[in-house]
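K.L.:
Each chain, written out:
Protein chains: 2
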Amino acid sequence: MAFVNENYFKLSPSYLFAEISRRVDAFKKANPQKSVVRCGIGDVTEPLPQACIEALHKAVDEMAARETFRGYGPDHGYDFLRHAIAEEYRARGMSIEDDEIFVSDGSKCDCANFLDILGTGNRILMPDPVYPVYADTNVMAGNTDVSFLDGTLENGFVPAPPKEKPADLIYLCFPNNPTGAVATREQLAAWVDYARRNNALILFDAAYEAFIRTPGIPHSIFEIPGAETCAVEMRSFSKNGGFTGLRCGFCVVPKAAMGRRKDGKAEAIHPLWSRRQSTKFNGVSYPVQRAAEAIYSAKGKAQVSGLTDFYMENARLLGSALKANGWEFIGGVDAPYLWVKCIAGKTSWDMFSYLLEQAGVVTTPGSGFGAKGEGYFRLSVFNSRANIEDVCSRFADLAKA
Amino acid sequence: MAFVNENYFKLSPSYLFAEISRRVDAFKKANPQKSVVRCGIGDVTEPLPQACIEALHKAVDEMAARETFRGYGPDHGYDFLRHAIAEEYRARGMSIEDDEIFVSDGSKCDCANFLDILGTGNRILMPDPVYPVYADTNVMAGNTDVSFLDGTLENGFVPAPPKEKPADLIYLCFPNNPTGAVATREQLAAWVDYARRNNALILFDAAYEAFIRTPGIPHSIFEIPGAETCAVEMRSFSKNGGFTGLRCGFCVVPKAAMGRRKDGKAEAIHPLWSRRQSTKFNGVSYPVQRAAEAIYSAKGKAQVSGLTDFYMENARLLGSALKANGWEFIGGVDAPYLWVKCIAGKTSWDMFSYLLEQAGVVTTPGSGFGAKGEGYFRLSVFNSRANIEDVCSRFADLAKA
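Top line first, the protein sequences correspond to chains A and W. Under our numbering, think of the first position of the first sequence as 1, with each following residue one higher. Under our numbering, think of the first position of the second sequence as 1, with each following residue one higher.
No false leads were slipped in.
You can't tell identical chains apart in this list, so a pair holds if it fits in one copy or across any two.
Cross-link-like lysine to aspartate or glutamate pairs, in silico, EDC-like; alpha carbons within 16 Å at most:
(1) K262 - E6
(2) K34 - D397
(3) K34 - E357
(4) K265 - E6
Since the hints were derived computationally from the structure, they do not count as laboratory data.
Chain A on its own, in the form it takes in the complex (with noise of 0.2 Å):
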């Protein structure tokens, strides 16, 4: 009979929006007579941008005719994608080359694969709380050595490197989830000048990068000089573009990340990720690719920003909302994500309770994404305008009972 992997049984049960289904359906039962809205979940609501509906059907119609059908795409992306992307790069100033970007089906896709070229034995660093699919694919790996870094309201959210311990992989991800934190220029600086000095591996998620509207907080790491040999970088198109339920995103590998052999020789590794994703990746969706396409161009780019400034206003609001409670929270301004500290006294779980109870609003427990995410819950933009004002107004009358 075939071993199975081990370490799966290591995963503790993926409960948590499991577990929030659960209790949203009891208490629906319970009080039929009463509404309930959502506004715990990172799905996007509104439509795909018409830039990328009209590239949608463009490319349908393509696979239509003998002259125009395309079969198998190039492994890594199509090269009018790649380079649209590797473009914008470089009109930022930052010198990324069109064959250092790796399109593919989505970021989180791409942050679980990346363990596949990486080796067994390194010493791994990630915030707490986490998006979970970072630590439950290092369990899948078999990879123990794992530290959780603490944020807190004192550090924003944004832990510092640490003074003695070395890392050989650090995960980050800014803007956060779930915290809607940022990190300043100075604040990944520090982290690329850790990375540097241990030789550690930086995988950056950018995938909420289009929601900064802060000037000078960076949205990409290779922002800052000397990343491009200790960083790789996960983007989406899921929550600019609204491509959820279409699935693309990319990986940006500079050509000049290193890791290293057993016997400390130093190996690109751009090789590896460009030979893993050809074997065991055949391509992301041709129509797919084309509606990303779009969202380079001048109509898609304002399109894009006419659908991030509308998550944004809800943001707004509900931060408006929770500032008149008088409850302490971040984010919200640069992400889309608000993470709001508890009642005093109540945990995650308590306070997902009292809100879902009293105001029929139904949010994420903090308690989900870590330890340290005890105490918090988390509050999501991606809504309809009538559905935040909606909320808003349930949190006003709670403060007022």
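Put chain W on the given structure of chain A with help from the hints.
P.N.:
Using the frame of chain A, we list chain W on its own:
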């Protein structure tokens, strides 16, 4: 510095198609007046079925309006598609449940990713010649106990299970790439019997099942009683619906299929694959899943039959041309590949050069698929009718010369 996966350095360079390109380019440069026809690549050439085109346009329009927009889909595929796929199995008498279907972005990814949920120490069996991904992904995963079963003209490139040697994991692909061989019910039953006696797991690649024309040849491993305890099956919409550029396939993982823990305890494979996909994958593009669903409609089925009939007529034409030349081959009856014996004394690459230089026809050297592929070449039927007729007349001219 992050340790890299040492196993990647044990991979042989993936040079087959690169070397073909290099030689074709050199020939064209030296002989600019000669025309060249490619007849080696397994990529479809005909446009998508109209039912799929209509489903794609409709789904794209849904993505353009808030009321019908779809964000994140279920990680394992939409119910509408899982149900349509499972119904097709049930209609053919196999008791596959909807939630035993896992929709993916292609069979290459599935057969590569499946090793994620398997452990170390497995004894692995695969035929030679073989689809290179099976072998390469095992090298990447550090699996060193890999045995090859010799395919020969005598066994029709359908090796029988070994008498003595037990295995834990077996790769089978029928209709076969590259040889075009198919397994009879008795041959598959012998493999299922071997797997059950040895408690082994079969990874069955049925990507080409739509090309089977001979009555009685199984389309699925699950036509063999008991296979549900010892097999998973990968299928693809790439070759039946021409989805090589759209990207969609699926994996059938019966709940009864078992692996084992190190202590010998049996463990179901289904929850492990479910967790793997939920954690590392985010589902397939919504419009693409609607296109896949359309393949199961009455119109879609008729159009897919039209497509596969078209390619199988190409196979018939190529087969007649080979016979007229007295060239020995198998395949092309129930599969879109013809596997041709080289002219006596010629290696696969000798024959490649001979056909390129004398006839301007590009083929795929059999040695690219393993040691036992030496002395053969692969012809693909995925081409326009005009190109296939051109190849046939070039072969005829070669015989006259």
